[in-house]
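So the protein lines, in turn, are chains R and U.
All letters in the first sequence, in the order written, are residues 1 to 361 by UniProt numbering.
All letters in the second sequence, in the order written, are residues 1 to 361 by UniProt numbering.
No wet-lab data here; the hints were simulated from the structure.
Check the hints yourself; a few may be wrong.
Because identical chains cannot be distinguished in the list, a pair is counted as satisfied if it fits within a single copy or across any two copies.
Unchecked claim - In silico DSSO-like cross-links for lysine-lysine, where the CA-CA straight-line distance does not exceed 30 Å:
#1 K44 to K286
#2 K105 to K44
#3 K263 to K104
#4 K270 to K286
#5 K125 to K186
#6 K311 to K30
#7 K104 to K215
#8 K273 to K317
#9 K93 to K215
#10 K317 to K30
There are 2 protein chains.
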Amino acid sequence: MARVYNFSAGPSMLPESVLKTAAAEMLDYKGTGESVMEMSHRSKEYGEIITAAESLLREIMNIPDNYKVLFLQGGASTQFAAIPLNFMNGTGKADYVVTGQWAKKAAAEAGRYGDVNIVASSADKTFSYIPKLDKSTFTKDADYFYICMNNTIYGTVYHELPDTGDVPLIADISSCFLSEPLDVTKFGMLYGGAQKNVAPAGVTICIIREDLLGKARDITPTMLNYQIHADNGSMYNTPPCYTIYIMKLVLEWIKNEVGGLEKMKELNEKKAKILYDFLDSSEMFKGTVVPEDRSLMNVPFVTGDTDLDAKFVAAAKEAGFINIKGHRTVGGMRASIYNAMPIEGVEKLVAFMKKFEEENK
Amino acid sequence: MARVYNFSAGPSMLPESVLKTAAAEMLDYKGTGESVMEMSHRSKEYGEIITAAESLLREIMNIPDNYKVLFLQGGASTQFAAIPLNFMNGTGKADYVVTGQWAKKAAAEAGRYGDVNIVASSADKTFSYIPKLDKSTFTKDADYFYICMNNTIYGTVYHELPDTGDVPLIADISSCFLSEPLDVTKFGMLYGGAQKNVAPAGVTICIIREDLLGKARDITPTMLNYQIHADNGSMYNTPPCYTIYIMKLVLEWIKNEVGGLEKMKELNEKKAKILYDFLDSSEMFKGTVVPEDRSLMNVPFVTGDTDLDAKFVAAAKEAGFINIKGHRTVGGMRASIYNAMPIEGVEKLVAFMKKFEEENK
Numbered sequence: 001m002a003r004v005y006n007f008s009a010g011p012s013m014l015p016e017s018v019l020k021t022a023a024a025e026m027l028d029y030k031g032t033g034e035s036v037m038e039m040s041h042r043s044k045e046y047g048e049i050i051t052a053a054e055s056l057l058r059e060i061m062n063i064p065d066n067y068k069v070l071f072l073q074g075g076a077s078t079q080f081a082a083i084p085l086n087f088m089n090g091t092g093k094a095d096y097v098v099t100g101q102w103a104k105k106a107a108a109e110a111g112r113y114g115d116v117n118i119v120a121s122s123a124d125k126t127f128s129y130i131p132k133l134d135k136s137t138f139t140k141d142a143d144y145f146y147i148c149m150n151n152t153i154y155g156t157v158y159h160e161l162p163d164t165g166d167v168p169l170i171a172d173i174s175s176c177f178l179s180e181p182l183d184v185t186k187f188g189m190l191y192g193g194a195q196k197n198v199a200p201a202g203v204t205i206c207i208i209r210e211d212l213l214g215k216a217r218d219i220t221p222t223m224l225n226y227q228i229h230a231d232n233g234s235m236y237n238t239p240p241c242y243t244i245y246i247m248k249l250v251l252e253w254i255k256n257e258v259g260g261l262e263k264m265k266e267l268n269e270k271k272a273k274i275l276y277d278f279l280d281s282s283e284m285f286k287g288t289v290v291p292e293d294r295s296l297m298n299v300p301f302v303t304g305d306t307d308l309d310a311k312f313v314a315a316a317k318e319a320g321f322i323n324i325k326g327h328r329t330v331g332g333m334r335a336s337i338y339n340a341m342p343i344e345g346v347e348k349l350v351a352f353m354k355k356f357e358e359e360n361k
Numbered sequence: 001m002a003r004v005y006n007f008s009a010g011p012s013m014l015p016e017s018v019l020k021t022a023a024a025e026m027l028d029y030k031g032t033g034e035s036v037m038e039m040s041h042r043s044k045e046y047g048e049i050i051t052a053a054e055s056l057l058r059e060i061m062n063i064p065d066n067y068k069v070l071f072l073q074g075g076a077s078t079q080f081a082a083i084p085l086n087f088m089n090g091t092g093k094a095d096y097v098v099t100g101q102w103a104k105k106a107a108a109e110a111g112r113y114g115d116v117n118i119v120a121s122s123a124d125k126t127f128s129y130i131p132k133l134d135k136s137t138f139t140k141d142a143d144y145f146y147i148c149m150n151n152t153i154y155g156t157v158y159h160e161l162p163d164t165g166d167v168p169l170i171a172d173i174s175s176c177f178l179s180e181p182l183d184v185t186k187f188g189m190l191y192g193g194a195q196k197n198v199a200p201a202g203v204t205i206c207i208i209r210e211d212l213l214g215k216a217r218d219i220t221p222t223m224l225n226y227q228i229h230a231d232n233g234s235m236y237n238t239p240p241c242y243t244i245y246i247m248k249l250v251l252e253w254i255k256n257e258v259g260g261l262e263k264m265k266e267l268n269e270k271k272a273k274i275l276y277d278f279l280d281s282s283e284m285f286k287g288t289v290v291p292e293d294r295s296l297m298n299v300p301f302v303t304g305d306t307d308l309d310a311k312f313v314a315a316a317k318e319a320g321f322i323n324i325k326g327h328r329t330v331g332g333m334r335a336s337i338y339n340a341m342p343i344e345g346v347e348k349l350v351a352f353m354k355k356f357e358e359e360n361k
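One chain only, chain R, in its complex shape:
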């Protein structure tokens, strides 16, 4: 059938040109006579792929030389433990802001290894906003300060970063990775699973200021010790080679076809505006997030009537708009409009919503 518009929260759409290249190179990568899936990770050919992926990421995100870029496995969930194991090495204290399920899980895992101070939470209103932060509640001698930048389930994003002074800021950017420019120097560590904006599921990118490395706790499993991976160029053991290859193709797409992160941001703002403007004007569909904290990537909305929500989700699927059902904790719908969602996908979705509203008044 025709390609569908996939509004999944992740894994989600990849640029069609990337998939076409992957298909064309499947049996014979650039005249090597082998698939990238079959390449020895120690071969010259594969070395060029992983090196290019890192270089492209550094260039696109403007990552300074004093940051290490690691391509790991295990998803963000594995980093929930690796972060305290690697960085709770001074006072054993860390500050966490709880803006949703993923921040909450991260805080809970850190709490198994040290003292976690929940400086703020938006649980009281189903995480529909980013809490205002009061600096006087921050732990002055914390080993780090942790946020989840974009909250996939709830559709919120930090438009302003907390001022943590000398305390390193660590951010999970899984669902806003490469969606817009980010000042890397404001962070001790940025990380995320790649399966939303960067690659298929199976690779986790960690960008870490190098002075924070080398102080992992004794109990840290070797494979969770960031220093080990930094020392070995993400090749301490066999990396998820093919997933990294697809990431390289996506990075090339951002650089060459989109034109970099400023352009990516423009495009994402344009897409999000189409949807939010409609939500703000609709009588039937309402966004669930306070306007000032709305995400560019994940847009949850409801009709206020669960039967009507279900009818809409089913009709949308029928019309080729898939995975638009909201997370069970928010209900209703959620349109995840990641980098690879074409603008026509959003335009057509809004046209479809308008028609649905007309027909179901």
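Place chain U on chain R using the hints.
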């Protein structure tokens, strides 16, 4: 160019039919209008893929119902820590047999969490044999007994399992996974990275007797706790979806095109015999492993002259036999002839070796 014969120790060759299916389904998996790379891991379509992969593996390996099958990330190296963290929960003691670099690393990691008894080692002869085991040296109250079944670097394999009585036997089978039938009931746990015989790099398969689960140490990172993954059907977080899809295609190939593990073994024995018979008759090339412990999968050999070795490796590459250079600790050459290496690949290699020997007497 034409497809090459890839003798890499892993990642390595995949069946050509698998790659063709993957290429054909890249932009539209079975009429869904999306790539498997783009599928929500919670979708019905992806649920069918991962469920089929597990069912096929259970059927092909004849895995009893009281064993859990987990599809994880992080490679065998991550399990080196997960194994002691999950299973060193009684006396805190474990026995390890050191038959190469990977067993040694596994033992070292376990030693960070408990008492490791090295019951035997073949380090004295560059791991060119499997040591004879003396049961009186086994730790009677060990929490488990650990072996690396097939030693990728050195080309040895256990043709007989140690009799560990009630102590659960744990085996790393990364480089012999699905190469021949195995009696799963003899093991407490079987595991391995998939990137040699089963799939591209990025998924690690763990097969664990369920009574061993649920007793992980307090310090175990949640993502290294096997019980968590068993409780969530390998979906606690986003799995490496596409890699698991390719694994499913490989399992279908073993079942439908090869005809199961007995047939796979026949084929592997036939391939290995061609190579070993030639090595035993050659004046120039010699196998490095004692005949009784030879692996079906990895065949290291040397000429005894490092310049001649290098000349052979270069000439072989030129002729389309790639990645045949041996590991630096053994030197010379190594032909890894995993499941997907066609018999013609081995026949042609031997013909090439004969010719090289003639021309370089």
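- [ ] Go through the numbered hints given earlier and state which of them the structure violates, listing their numbers in rising order.
- [x] Hint 3 contradicted; others consistent.
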